[in-house]
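Keeping their order, the protein sequence lines are chains D and P. The numbering of the first sequence is the working numbering, which starts it at 1 and goes up by one. The numbering of the second sequence is the working numbering, which starts it at 1 and goes up by one.
Keep in mind the hints are simulated off the structure, nothing from the lab. Ideal placement from N, C-alpha and C gives every residue a C-beta, glycine not left out. Hints should not be assumed to be uniformly reliable.
Calculated lysine to aspartate or glutamate pairs in the EDC-like style (CA-CA distance at most 16 angstroms, straight line) [stated by the list, open to error]:
#, chain 1, residue 1, chain 2, residue 2
1, P, Lys35, D, Asp163
2, D, Lys193, P, Asp246
3, P, Lys165, D, Asp152
Covered, in the sense of this in silico footprint (three residues per stretch, anywhere, with C-beta under 8 angstroms from a C-beta of chain D), are these stretches of chain P [stated by the list, open to error]:
#, region
4, 133–140
5, 155–165
6, 259–266
So the chains spell out like this:
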Amino acid sequence: MLRYAIGVLLLMFNSTKSIGQEIDCQLRASLSDHTIDTIYGNPYGESIVFVKKLKFYIHTAHNGQTSPERALLLSLKNPRQTISIDGPFQVYLGVDSTLNYDGIHEGALDPINNMYWTWQTGYIHCKLEGYILNQSAKRSFEFHIGGYSTKDSGPFWIGQKSDGKSLEVQFDLYPAIEWASKNEVFRITSPGKISDEMAQFFRKGITVL
Amino acid sequence: MKSVITLSFLLLTLWSFQSTIPYNRNIPDHFPAPKSERISNLDSHTVELGRVLFFDPQFSADQLVSCASCHSPYHSFAHTDHRLSHGAFDSIGRRNAPALFNLAWQEIFMHDGAAHNLQAQSLAPLTSATEMATTLNHIQTIMNTNILYLNLFREAFGTEPTIPKALEALEAFQLSLISVESKYDRVQNGIEKFTDQELEGFKVFEENCANCHPPPLFSTYEFASNGLPIDSNLFDLGRYEQTRKDGDSMQFKVPSLRNLRYTYPYMHDGRFNSLRKVLDHYSPRNGNMGNSPLKTPIAEDDKSDLIAFLKTLNDPNFIFNPNHQFPKWTLTNNAIQNEN
């Protein structure tokens, strides 16, 4: 009888727990004025930029509090996601530093999503891969920005939402690709100074509505 | 009311299925507090799941290599008599597999400190092309389709298998590997005494080795260069490969000196087969100290005394602890069931 009573109490406890509000999140990626709505890119100056992969974490926090459930993995292939969160919330690009340091988490943060480095521990905040075609050459690029050890690679605060019904993440890749192209940087796959520098251009290109 | 009672019963059934049994730890008084907070919450079911995962070769790309292939319990979870570790499809890595014990007192893992977290560390050997060469999707598929793992995950976590939970279980098993029952420990507890030679060796040790290998863990677990020249084939720059800082070149994590009897060959690339050769590196017989971190040579007689002391750090109870060995009943029965 005691067991049943405890069971009923547990059910009551679960039923009163707040589950937060469902928020519809949408990624809108672009290269300057050109919208990227497929896995391929659009004309960019005299070159053509093909974006094969854009995949990144957003994490949200309410009153400064976050949790693994408040992380979201957006990509060109899966540009729409929903999360549950209460009230006004802050939005960050990347994985919360405490969660990143803490270890491995479930859901969007499951390493099966291929957003965790294995040769060196730490979540990858953002992956951008593709190539640039111009008259003389085809240069592929691969940028994996993340890790837990340098603060300059993220996560970055990118906005605050107060209505809490929807979230549009606008990500203009032009600043990052322009910087990489000008500086002849086409591959960043580990944390460090150059990764930190590239991260600043991701930060420049991202806003939330 | 009837449905509430039914639901309550269902909940309690699940609750009792995922019963928590604290893992019994034995940490002596002369040890410092562990760095890992997770060790205080170890659960026997999670440790057992971690043990089965650790010994199961199904997860590697060729289904022949498990974690235990390079981290054998009988070798203090190192790969004795193998200079460099073997991996799937007969591949060979470029480092000597480190022994695994007392990980709860460590905050950074692997020879170059590539992993800051023990739960996440397992991802490196699982996916490395020269180790288990597997994918997380492959691991997930095996766990989802194998009744053994479905049951073990329910017992440990009350959930279906997931990669994060598997990593948590592997971490739990590795945290349970505690080596604290050497002769040195019994001397500290007043149960035994050193012989005269061991006592002389302890003095030599304190003068020459204890800075980097302080008792009772016998390591600072920090990074240091011990003056070894680089192997021109392996070209392993150690800690530098993670930090890209010039000062970290050729620095490697200081290993513990416990259980040396079981863990030869020594050094990050297994270049020395015997303790005598290790000591000859630190203090060459010709007296030319070269790049040695030691200031003064160690006399040959003192080296013998030092080795006698180092032998007191071996812990046969740890090596032959049945809780650390191949889970024969579980994995053998599972293999038979799968064949049928």
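Quick rundown of the hints versus the structure:
1. Lys35/P / Asp163/D: violated, 43 angstroms
2. Lys193/D / Asp246/P: The hint holds at about 14 angstroms.
3. Lys165/P / Asp152/D: violated, 30 angstroms
4. 133–140: holds (count 3)
5. 155–165: holds (count 4)
6. 259–266: Answer violated; 0 residues pass the 8 angstroms Cβ test.
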